[in-house]
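Going down the list, the protein sequences come from chains A and B.
Residue 410 is where the first sequence starts when you use our numbering, and the numbers rise one by one after that.
Residue 120 is where the second sequence starts when you use our numbering, and the numbers rise one by one after that.
Be aware that one or more of the hints could be misleading.
To be verified - Under 7 Å between C-beta atoms, here's a sample of chain A residues computed to sit facing chain B:
(1) Ala-484
(2) Leu-500
(3) Leu-519
(4) Leu-524
(5) Met-614
(6) Leu-740
(7) Gly-742
Simulated from the structure, these hints should not be mistaken for lab results.
We treat Cβ as the ideally placed atom computed from N, Cα and C, and that holds for glycine.
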Amino acid sequence: MTHPAIELIGIDKRFGAVHANKDIALRIEAGTIHGIIGENGAGKSTLMSILYGFYEADKGEIRVNGAPVRIRSSADAIALGIGMVHQHFMLVEPMTVAENVLLGAEGAALIEKPLEHAYAEIRRLGRDYGLVVDPDATVGELSVGLQQRVEIIKALYRGANILILDEPTGVLTPAEATQLFEVLKELRRQGRTVMIITHKLKEIMAITDHVSVMRRGEMVAHRKTAETSMAELAELMVGRPVQQPVAHTGATPGAPLLEVAHVTVADSRGVVRVDDVSFSIRAGEIVGIAGVSGNGQSELIEAISGIIPPTRGQVTIAGKPLTGDAAAARLQGLAHVPEDRHRMGLVTAFPAYESAILGRQDAPKYGAGPLIDRVATVTDTADKMSRFDVRPQNPLLKTANFSGGNQQKIVIAREIETAFSVLIVAQPTRGVDIGAIAFIHEEILKQKALGKAILLVSVELDELFALSDRLIVMCGGRVVGERATAETDHNEIGLMMAGVDQGRAA
Amino acid sequence: MELIDTAIGVFASGLRLAIPLLCACLAGLYSERSGIVDIGLEGKMLAAAFGATVAALSTGSALAGLGVGIVVSVMLGLIHGFASISQRGNQIVSGMAINMLAVGLTALLGNAWFREGGRTPSLEGAARFQPIALPGAEALAGVPVIGPFYKSVVSGHPLPVYLALAAVPMTWFLLYRTRWGLRLRAVGENPAAVDTAGVSVSALRYSAVVMAGVLCGLGGTYLAVAQAAAFLPNMTAGKGFIALAALIFAKWRPVHALGACLLFGLLDAVAIRLQGVSLPGVGQVPVQAIQALPYVITVVLLAGFVGRAIPPKAVGIPYVKER
């Protein structure tokens with residue numbers, strides 16, 4: 410009988426008061442694709458870090474191919490044939506693909522010969538697994554999908570027989586994700602073992618042979634993928650039945666509140682990022698913008714919200730043309746949940762009650778004149794936290810100490826608890842766990858029912874379809890086309906995201 | 120003919136003035152490429168200059184001076200390394216501490232040992248690096264332009280000058296052709312990538328800090344044991360900081376670092392030559408204005424002419440494993 414590729418017995422790890430992994434047991438059969446799912450903070454990443462030698466477990470045993478091992482550093486893990494593709498790539502951006510692949514596995518003091526070997530290997534791996542990438546390309550200039558290939562090539566170059574991928578599809582387009590899955594299947598066909606960590610149930614169902622579910626640091630269930638369902642896995646992850654958000658109610662829209670006319674944005678180098686985009690959103694309507702990330706959506710939002718002035722064109726909010734900056738846009742009735750809450754939405758080093766009033770600090774209820782009324786602010790934040798179910802419900806806690814979902818709820822609470830007519834929400838559920846996603850979706854739909862105009866930008870097609878009344882598809886800075894959500898499907902929108910509008914061609 | 124002689128004189132003097140800059144600049148290059156900011160170049164050079172002078176005085180050997188200068192500088196580098204790599208302290212604070220320590224300690228010890236207000240007695244004979252005449256210098260002397268150029272600019276410098284110049288291609292080779300260099304370039308950009316590749320981030324950074332110590336030791340020794348023939352309090356006079364400016368100007372590349380340092384040395388030499396000279400239409404330029412010239416040009420060059428200088432991404436950030 411063959412041994413499992415990896416066997417974990419009684420793995421236990423604490424970080425101070427946090428019990429990140431509790432008595433974990435896991436068997437990964439050789440030559441299979443094994444999924445590990447769980448919400449953010451369930452302990453998946455800690456477990457993988459233990460396997461890859463970032464931390465040592467406090468207790469427990471790791472067996473690789475049946476033999477007990479100690480993994481004290483990444484070098485130990487590599488020597489045991491374990492390779493890891495991190496969620497945040499471990500690449501050196503100014504160096505070439507070949508140099509990145511070679512790093513740490515040079516084999517000789519001078520790198521001329523090893524580099525030649527790396528070139529040959531990169532080409533061979535490209536042929537064998539469909540991992541084609543130019544060894545001379547500078548990594549920082551590659552797309553995210555290609556960078557991920559470099560990470561996989563790095564692992565294979567080091568002779569990895571067991572490949573661990575941490576949230577591999579979070580940054581990929583649907584097409585890139587499909588390609589990745591083909592690569593993983595090819596690896597399995599050649600007898601290698603793949604572990605994939607994700608919170609996306611669809612992917613688990615699509616690619617894995619076995620799946621293990623983690624919740625709050627514990628391994629709560631093991632299933633054969635063929636014998637389970639998305640509903641069962643979701644319930645195991647969250648620990649209670651998950652309600653799907655109510656479908657859009659189709660409220661009758663009113664007067665246009667946001668009008669975007671011929672907006673064009675060129676960046677500092679003169680490259681046109683947004684090219685002559687026009688649309689309008691009426692009261693009680695949600696319009697979704699679909700597109701592969703980096704096709705002008707970010708710049709469009711920044712132009713509409715006054716963060717950057719458009720090169721040409723006009724934005725009108727509630728009948729008044731927007732002439733000023735982001736502060737002026739807010740006074741005119743715009744609320745904005747930015748796509749990157751760490752970069753634009755919050756100051757993670759601030760306590761929650763300060764993050765919860767950013768940009769709204771001049772409102773009379775937070776104090777008079779230049780002074781901020783700390784008591785009023787803390788009370789107000791505590792009140793928002795209870796209504797938006799932010800956990801832990803502590804306004805004094807540093808913003809960075811909340812989970813992604815709870816940080817996002819703080820931003821959303823701040824933005825929609827003010828008088829506004831137009832709401833821009835970008836990537837509202839990126840890095841947010843399943844329980845919080847449903848809550849956030851409900852809040853957005855509530856605002857729609859209250860007659861607000863909502864612009865939703867997301868890379869998740871499911872999210873766009875669940876919430877939007879209309880979909881606008883962007884590609885290369887232009888609007889490819891527009892569809893009523895009820896009259897289209899994933900396929901058509903996917904094609905439009907690639908720049909093909911069949912409706913128009915026909 | 121007089122103009123050519125003047126030009127050759129300025130070139131030779133520019134090269135000599137560029138050497139301490141070059142040593143410090145390459146030292147900073149190793150350090151910063153590994154992700155460690157080093158504003159302690161100045162202090163390390165000063166301490167090396169003092170150590171080298173004392174050793175050369177007591178042994179009568181310039182080479183012994185160089186050895187001690189390097190050891191002193193490497194020790195200071197290791198203190199900086201311990202503070203900023205092992206203890207993950209602030210690299211600016213640690214570098215500044217080294218500068219202050221060097222200024223104070225060299226003056227204090229110098230005064231206590233030699234009682235000459237902090238300066239040391241002069242180095243003579245074998246205790247000082249003597250000019251080396253390269254073969255053919257005399258034979259070529261008669262050839263116009265090339266002869267004097269070879270004799271004064273190429274030949275006729277003490278050993279540390281040639282060592283410093285040789286450090287440029289050596290650094291290039293180490294950085295771009297060796298395993299160590301590949302890892303060094305990587306660790307300054309993304310230490311996590313190096314760590315996950317199974318390579319020790321600390322060991323790499325310590326090795327870079329030691330390299331920086333060796334080069335600062337060479338630079339400091341050159342200042343005292345070759346150029347000045349004595350140690351003078353605060354004789355580095357900001358060269359360690361100018362070297363950091365040259366490093367940015369060179370965008371952290373070795374061959375460009377040579378160019379930047381030669382340019383700054385040449386500006387310095389021109390400034391010295393222009394002192395007391397009456398320029399047509401301007402009259403005699405004040406000494407202060409001429410002395411400020413290299414700094415003014417540095418600012419202008421850095422502000423306008425080199426384009427964007429992007430430092431190694433992880434520079435100044437202590438490496439801590441995530442979570």
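How the hints compare with the structure:
no., hint, result
1, Ala-484, "holds, 3 Å"
2, Leu-500, "holds, 6 Å"
3, Leu-519, "holds, 6 Å"
4, Leu-524, "violated, 9 Å"
5, Met-614, "violated, 29 Å"
6, Leu-740, "violated, 36 Å"
7, Gly-742, "violated, 39 Å"
Hints 4, 5, 6, 7, counting from the list given before, are not met by this structure.
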